[in-house]
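Engineer: We have chain D; now place chain G onto it with these hints.
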Amino acid sequence: MFESVQYWDPAAQFVLFSALKILVVFGATLTFVSLAVVAERRVSAWIQDRVGPNRVGIPFTNIRFLGLGQMLADGLKFLLKEDFTPNYVRTVYFWLAPAITLIPAFLTLAVIPFGSTLGNPNNRMVIANLNVGILYTFGIVSLGVYGIVLAGYASNSKYPFLGGIRSSAQMISYEIAMGLSVIPIFLLVGSLNLGDVVGYQSGGLHTWLVWKQPLAFFIFLIAAFAETNRLPFDMPESESELIGGYHTEYSSMKFALFFLGEYANMIASCSMMVTLFFGGWTPPWGAEAATTLWAGLGHVACFLAKVISMMLLFIWVRWMLPRFRYDQLMDLGWRRFIPMALFNILVTAFVVALWQR
Amino acid sequence: MVVDRKPLNWWERSYLPAIAGGFRVTWRHFANTVFRRKSVTMQYPEEKWVMPEGYRGAPYLVSDVDGHTKCVSCQLCEFICPPKAILITPPGPAGLAPDRPNAEKMPREFEINMLRCIFCGLCQEVCPEEAIFLQKDYSLTGLARGEMIYNKEKLLKLGGVDTGIQKWKQKLNEAREQEVFPVQGS
Chain D
1 MFESVQYWDP
11 AAQFVLFSAL
21 KILVVFGATL
31 TFVSLAVVAE
41 RRVSAWIQDR
51 VGPNRVGIPF
61 TNIRFLGLGQ
71 MLADGLKFLL
81 KEDFTPNYVR
91 TVYFWLAPAI
101 TLIPAFLTLA
111 VIPFGSTLGN
121 PNNRMVIANL
131 NVGILYTFGI
141 VSLGVYGIVL
151 AGYASNSKYP
161 FLGGIRSSAQ
171 MISYEIAMGL
181 SVIPIFLLVG
191 SLNLGDVVGY
201 QSGGLHTWLV
211 WKQPLAFFIF
221 LIAAFAETNR
231 LPFDMPESES
241 ELIGGYHTEY
251 SSMKFALFFL
261 GEYANMIASC
271 SMMVTLFFGG
281 WTPPWGAEAA
291 TTLWAGLGHV
301 ACFLAKVISM
311 MLLFIWVRWM
321 LPRFRYDQLM
331 DLGWRRFIPM
341 ALFNILVTAF
351 VVALWQR
Chain G
1 MVVDRKPLNW
11 WERSYLPAIA
21 GGFRVTWRHF
31 ANTVFRRKSV
41 TMQYPEEKWV
51 MPEGYRGAPY
61 LVSDVDGHTK
71 CVSCQLCEFI
81 CPPKAILITP
91 PGPAGLAPDR
101 PNAEKMPREF
111 EINMLRCIFC
121 GLCQEVCPEE
131 AIFLQKDYSL
141 TGLARGEMIY
151 NKEKLLKLGG
161 VDTGIQKWKQ
171 KLNEAREQEV
181 FPVQGS
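Chains as they are written, first to last, in this note's numbering: chain D, 1 to 357; chain G, 1 to 186.
Chain D extracted, bound-state conformation:
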């Protein structure tokens, strides 16, 4: 049954494989989001001397299974809650905003190479092997701000409005730093295709770009915290000042979509960092594109392991640092990171120009 696929028209094969990859990536991301929520709750509990959700296991049994049933329970809770729309909101935008937040997060994942191949060299483990991969990513990431701003505006209430304003300022400022920080990478690699970036780093641990561009990684990491609205930069949400920020007025599944969007964004930026700085799917001892199914799966596992470590870093930082003040955040973005990133571009450009001559 599966053998006959290779005699298909190449276009039909492409459509089939792409559809499969989209389904798998989408499903895996959603699973990872719920896992990340549980991991966040467990890790935060451990850091605060608590135990965290360890009870919910397989339903209707006493099997607890490390509390991983919490994934299901959290999802169900969101689905079954009352979906309440306050009567003073701008309804169309109010309904549109969660979707607009969620979609860009998933779209960014399209260009991330999450593995080499699964044995077939024509079928690379990336949904869209774009030559302008990184430009596409930044284009999509900058759409992410609209959902949040729209939510703040549509809620017609002061706290969400402040949250929306804060997020627009924060995300737009940090996008610049983020965009500038990755330019040295592409000066070194000489291509915007993320597959080529991974190829450049496939020689093993010592070829990873994080060693050549630590400053770029540092800026990108911090900008990623700001872009995903995570602590210490969670100004748009800041529970202690703005109740819930832009999603104060949301409930049930619409709220869950914001949540999903935030975590999917985290996953996307972690994957991006892994691809740009930590060798993507290549294991630490270096690898060529896989020629067998098992080697291919190993590469995917390697990529996932790196992403999970980055996610743990994100979760850990949340409990490590207090929230920045708003002017400190802006100061850091505009007066520290943008000059630092520009300086980094300049130095890298000089080095590349001298080295290549």
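What the hints contain is simulated information worked out from the structure, not anything from laboratory work. Watch out, some of these pointers could steer you wrong.
[Stated by the list, open to error] One-sided and incomplete, this derived list gives chain G residues near chain D with beta-carbon spacing under 7 Å:
(1) 22
(2) 26
(3) 29
(4) 30
(5) 33
(6) 39
(7) 40
(8) 41
(9) 42
(10) 44
For each residue, glycine too, the CB sits at the ideal point set by N, CA and C.
Structural biologist: Relative to the frame of chain D, chain G by itself:
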């Protein structure tokens, strides 16, 4: 007192010492909880607190060491009870004989509505018979309001045995001693 606010130097303004400090603190707590299992959480239904002496939980009736009801249906607790949680049905003129010799009466029914009870302890203080005590139960549950009204049987079962005085038994012994001549010790 004047507190010096020294301006931060460039190293401190780079946020790096603060990040390192934050990591140290979080790691210490993480390691303590995960590797040394020193979490402060009590796994509640499996582990429970040890109640201190004198804890004022739910009031239950107690039996004496011979297994007899100590309550004599005097109804003082019913009168004193601030939220009117106690309802005693006395035996009446031709009522039920007490289950121990020499006592006048015992309640036909003794009900405490645990939904009303505020665990104040006045019933315990007012009881001349030391028949009702606030005990260490704090988590009373039921599936219906009716289940939360505890009757005499249930209260006695929950209350257990009290090793304190047995006033009526003492009186009985004294009365018996009266029959013996010559009176000993007087």
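Engineer: Looking at the structure, which of the earlier hints fail to hold?
Structural biologist: 9, 10
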